[in-house]
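> Below, each chain spelled out in residue letters.
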Amino acid sequence: MKTGIVVFPGTWSDRDCAHAVSEVLGQPARYVDHREDSLDDLELVILPGGFSYGDYLRCGAIARFAPVMEAVTDFANRGGLVLGICNGFQILQEARLLPGALLRNASCEFRCEWVYLRVEQSDSAFTVDCRPGQLLRMPISHGEGNFFADRETLEAIERNRQVVFRYCAPDGRMTEEANPNGSLRNIAGIANARGNVVGMMPHPERACETLLGGVDGLAVFRSAIHALSRVAV
Amino acid sequence: MFRAEVFVTLKPVVNDPAGLTIRGGLHTLGFDTVTEVRAGKYLMVTLDEADEGHARARVEEMARQLLANAVIEDYRIELQPIGDPVAAGERPV
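So the sequences go chain by chain: A and B.
Quick note on numbering: the numbering used here labels position 69 of the first sequence as 69, and the sequence is numbered without any gaps.
Quick note on numbering: the numbering used here labels position 7 of the second sequence as 7, and the sequence is numbered without any gaps.
Derived from the structure by calculation, the hints contain no laboratory data.
A quick note: this is a predicted structure, and the numbers were derived from the prediction, not measured.
Note that beta-carbon positions come from the ideal geometry of N, C-alpha and C, so glycine has one too.
A few of these clues could be false.
[What the hints assert, rightly or not] On the chain A side, residues computed to face chain B include the following (Cβ under 7 angstroms):
#1 G54
#2 Y56
#3 R58
#4 R104
#5 A106
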């Protein structure tokens, strides 16, 4: 799985992603500078977490116009796999590759903690290895992850089964207490209609080794590997 | 030259946790008649443009493309001509 990890000024989770992909999963990975304009050598592009361009104006608003984003849009439109994590999710929404927006957390607090996610569908490239209803435990670390979409958009993404992950209690119930940021319908991650682009607030790359507290994040990356092997066959 | 003031506000249907928190602070200070606070952004953009209509169109375009996110925000633009203060008959302070 030839993986590119995009680095904007202010990205902070690029090395964690590279570690998970190359050291833990043994897959080839390279960093992609925000000024690059070709991703032709890649099969998976990760937009990692951080505070690109200082989060000035809105999270992801400036990064969305970085030269590399034109290439990311072409790559996604050609069916390439794109995973936006945390700030990467915000950038994908600003770029209109994913619907909705991420508002300030309802608590107005920066939340850094482990959460449970319920996998809602196993059609996206990043959940093919999961089963619907499966629970994954991984950390969040954000101040603006409060998923919002207008009613019409929300209904459309539910109808098209684009909701990939929801925050839930340890027993899988979708409760208000389990929602760390006020996201509508506990939404933690969504896919585009085609399922090759996924954005999620939780950090799978920080849940890939027992030493770090859990390995559930591997399911996201292993799904991508299997989604690519399906295409190749 | 023109100076555009751009006011970016959350759409009425969008929750504003910052506004709610500020309202709570005002209540704590005793401003108990405050019923609502909405927080937004203020941007001042100075443009080297000769024509007012053109300047306004440019700022509209900026707001649409970058300054506001139409998914969650509305914007309002106020445009003023600004000139060289001496030429305009004012004394520099």
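> Please flag the earlier hints that this structure goes against, numbers listed from lowest up.
1 and 2
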